[in-house]
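Assemble chain D onto chain B, guided by the hints.
So the sequences go chain by chain: B and D. Counting from 1, position 399 in the first sequence corresponds to residue 780 in the working numbering; the numbering is continuous, with no gaps. Counting from 1, position 424 in the second sequence corresponds to residue 805 in the working numbering; the numbering is continuous, with no gaps.
Hints are supplied without guarantee of correctness; some may be wrong.
One copy or two, either will do: identical chains are not told apart, so a pair holds if it fits within one copy or between any two.
[Stated by the list, open to error] In silico BS3-like pairs for lysine-lysine, Cα to Cα no more than 27 Å straight-line:
{"#": "1", "residue 1": "K687", "residue 2": "K655"}
{"#": "2", "residue 1": "K513", "residue 2": "K807"}
{"#": "3", "residue 1": "K384", "residue 2": "K408"}
{"#": "4", "residue 1": "K709", "residue 2": "K807"}
{"#": "5", "residue 1": "K701", "residue 2": "K801"}
{"#": "6", "residue 1": "K807", "residue 2": "K684"}
{"#": "7", "residue 1": "K687", "residue 2": "K807"}
{"#": "8", "residue 1": "K713", "residue 2": "K801"}
{"#": "9", "residue 1": "K687", "residue 2": "K709"}
{"#": "10", "residue 1": "K431", "residue 2": "K455"}
{"#": "11", "residue 1": "K658", "residue 2": "K530"}
{"#": "12", "residue 1": "K431", "residue 2": "K807"}
{"#": "13", "residue 1": "K513", "residue 2": "K598"}
{"#": "14", "residue 1": "K807", "residue 2": "K534"}
{"#": "15", "residue 1": "K807", "residue 2": "K409"}
{"#": "16", "residue 1": "K807", "residue 2": "K713"}
{"#": "17", "residue 1": "K455", "residue 2": "K599"}
{"#": "18", "residue 1": "K455", "residue 2": "K571"}
{"#": "19", "residue 1": "K709", "residue 2": "K583"}
{"#": "20", "residue 1": "K408", "residue 2": "K807"}
Keep in mind that the hints were calculated from the coordinates and are not lab data.
2 protein chains.
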Amino acid sequence: MTKQYDVVILGGGVAGGSLAHSLRRQKKTVAVVEDNLFGGTCPNRGCDPKKILLAGLEVTQLVDDMQGNGISGKVSVNWPDLMRHKRQYTNPISNATQNGLISDGIDTYHEHAHFNQDGLIEAGSDLLSGDKYVIATGQRPSILDIPGKELFKTSTDFLNLDQMPSDVTFIGGGYIGFELAGIAHAAGAKVHLIHHNDHPLKQFDQQLVSQAVDHLKKLGIDFHMDTDVKEVTQVGDQLVLSGDDFRLPTDMVFCTAGRTPNVDTIGLENVNVKTDKHGVVVNDYLQTSNPNIFAMGDVVSTKRPKLTPVAGFEAGYLAKYFNGSTDKIQFKSIPTIVFGQPALAQVGLPSSIATDESRYMLITNDMSAWYSYHRLNEPLAKAKVVIDRDTETVVGATVLSNHADYLINIFTLMIDQQMKISDFNKEILAYPTFASDVQYLI
Amino acid sequence: MTKQYDVVILGGGVAGGSLAHSLRRQKKTVAVVEDNLFGGTCPNRGCDPKKILLAGLEVTQLVDDMQGNGISGKVSVNWPDLMRHKRQYTNPISNATQNGLISDGIDTYHEHAHFNQDGLIEAGSDLLSGDKYVIATGQRPSILDIPGKELFKTSTDFLNLDQMPSDVTFIGGGYIGFELAGIAHAAGAKVHLIHHNDHPLKQFDQQLVSQAVDHLKKLGIDFHMDTDVKEVTQVGDQLVLSGDDFRLPTDMVFCTAGRTPNVDTIGLENVNVKTDKHGVVVNDYLQTSNPNIFAMGDVVSTKRPKLTPVAGFEAGYLAKYFNGSTDKIQFKSIPTIVFGQPALAQVGLPSSIATDESRYMLITNDMSAWYSYHRLNEPLAKAKVVIDRDTETVVGATVLSNHADYLINIFTLMIDQQMKISDFNKEILAYPTFASDVQYLI
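Next up, chain B with everything else stripped away, as it sits in the complex (with noise of 0.2 Å):
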């Protein structure tokens, strides 16, 4: 028998359960089918587990730059243990998240499911039609197509792993592999990065990351920069990672070169839905070439980081639309950040783009002496903040400290919120902290 819904979505995730919840909230009825863990990439191999890991790395950083200058004594990243308080956290999830969707009065299949011949959804054994269905079924982990590549591991596996070896690689220098590797450093192991070219996180300011580069370079991680790997091969206990001149023996390989949108195995050729190799095609309403079939978060096609707070604004924008709003989809500033010691985040306008000194005026800081910075004995710690002279207004700003975040977050809310520089200089914020810091960046 076919069930008939108001909405069937199409994935579990950040997107999916939040468009879920809030139609529930207007009384419509939805199913949420989900063939892997509910609340998908974010809580359960994204983001939350992640910076939960990074607390190993904050924690022994810390200690290590504040050594001899006020703290005694050593700690270590215990990766079992560390492990253990990840799991804590994240192996509830998906139950949890199942039954807040059908405690909400939401339909959930834990199945694969496609779209069939007729339009319809199969989930299992059961058919579900839909007056509109939402793909949102995210992303995967790319695996680099070369021989051995069964051998990978994926950002998934590292963020589950029991035991970190001696030594390990990740493939792919963007945000992920930075991120992990500066995990899997603090833990312990030797870790080496290849990145294909020599601009890795190639969307963040290159003079900055190469001040992180040079900065973890010395702290021990070693780079392999305009490096191809051709193959992997198994030698007894160790992978072999080689290329052109390349050879490189590692205990665990980790594929971290980009993320693959799931659209291959849900029948979108039998709803005429197009995609192309970022994801799926949308128009400003996020509907995709099947007026009833629309899309939203990582799975989408779009120029746009993909990236959890994107993900649920868009699911709270197709809320609206199918309550009957008819604005186009429209974003404020979307800050991105490379989680580590430091971070790299950067939000608006990058200054590499804002080159134009008539309209635009780039302020740079080295804030490695300022009192915030001194106090903990961060070793890095800059600013750029890209100021319009015609509106005197922050219109982007990048920064590269252990706490980028905190600065990122006030940048974001200025930029958005148009905030004219003199009237930030009215703010009286708590003193001395890092958002007091702005009032002598801008």
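Just chain D now, kept in the frame of chain B:
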């Protein structure tokens, strides 16, 4: 010979220094007279050194909290090292501040100064005459007037203490007492905090204060509430504090019972400047009862919290006023914070005042199980947010957590910018961070 200036400023602290530089940008002639350290309380013996020493508490507490949750090993505060780390920052401040003034063309006098009977400033052998005068002499620690009071030490002594004694006592449970008690406890001292009634930190939410006190008690700090110390005596190597039914032997006693405005030795009686017990009385233009004499910073009699950013704001106001602006001074929200583990911060309307339920909605959250606090295993994390039902904006917030300053600064911006909650919820903030949690608090 009398030296003539546009403006003579008594006090080379945050307010005085800032105003002097601003006036120079207006091409005015300026003198700054300081009898102690240039830079004043904040960078020499206030906020900045305090928060450097607080790093000891932050690091040891973090390691303790994470023990068994991913971190192995123990650390301790090395007080002499920490003090050296502090002095590296504070020692150069006075000279650097004075040199900064001098190189900006400001005349500096390192003398105790007072208004003489002719209404001129006598600074050592110099006589200074100004078109306008500004009193910015700040405050000093109050000393409880009891027998043995010469045995008391002050916050200034604490912030320059070469060795941490085994057993230290603070008299006065205001924010200075709490902050220093936390620092001393982290440094390994047995700590007593004595307060004359049972409402310490009286300007803060008493429910959260009580929870903070309970937490600090569990960590081993001894609180002696409703206790009046009536005498201090030296007995051998120790001091003994005594009162009715109270006797406490201890190694060192810090009087943290408030601060006294520096108004008593600057000849105000010669120039008809009115004071009360809170300081120099001023009108809405920071003008004293003598129209040519102004006052700003901690020395002003006010119900506002006496804080560094308030002093800076007042200096900015006077710079504009002296440049022809005729606006009254108007303050944005003033956040206040007791730094510590946990820190307690508050801004805007307190929940104890916003009791009209038809007008205000109070949202109270225990955040300790939330992701951001789980990851660092923070034991105590609470927030109270007051929302105006009519305007749908945040009008007040109180936060108790190790990271209260981060949240309180976000709330301060929301209050001042009168951001509607629906607008804040459209913000995309770096995730997961304390700032992105705010959308769950409102």
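Structure-based check of all given hints:
1. K687 / K655: Within. Shortest intra-copy distance 19 Å satisfies the 27 Å Cα cut-off; inter-copy 62 Å does not.
2. K513 / K807: between (49 Å within a copy, 24 Å between copies)
3. K384 / K408: within (17 Å within a copy, 79 Å between copies)
4. K709 / K807: So K709 and K807 pass the 27 Å test across copies only (14 Å; inside, 35 Å).
5. K701 / K801: between (31 Å within a copy, 18 Å between copies)
6. K807 / K684: between (36 Å within a copy, 19 Å between copies)
7. K687 / K807: This pair counts as between: shortest inter-copy Cα distance 16 Å, intra-copy 35 Å.
8. K713 / K801: both (17 Å within a copy, 15 Å between copies)
9. K687 / K709: within (19 Å within a copy, 48 Å between copies)
10. K431 / K455: both (24 Å within a copy, 24 Å between copies)
11. K658 / K530: within (20 Å within a copy, 77 Å between copies)
12. K431 / K807: Result: close only across copies, 25 Å inter versus 37 Å intra.
13. K513 / K598: neither (51 Å within a copy, 57 Å between copies)
14. K807 / K534: neither (51 Å within a copy, 36 Å between copies)
15. K807 / K409: For K807 and K409, only the inter-copy Cα distance (23 Å) is at most 27 Å; the intra-copy one is 47 Å.
16. K807 / K713: Result: close both inside a copy and across copies, 24 Å intra and 7 Å inter.
17. K455 / K599: Both, since 20 Å and 25 Å are each at most 27 Å.
18. K455 / K571: both (19 Å within a copy, 24 Å between copies)
19. K709 / K583: So K709 and K583 fail the 27 Å test inside a copy (30 Å) and across (50 Å) alike.
20. K408 / K807: For K408 and K807, the Cα distance is within 27 Å only across copies (23 Å; inside one copy 46 Å).
Checked against the numbered hints given earlier, this structure breaks hints 13, 14, 19; the rest are met.
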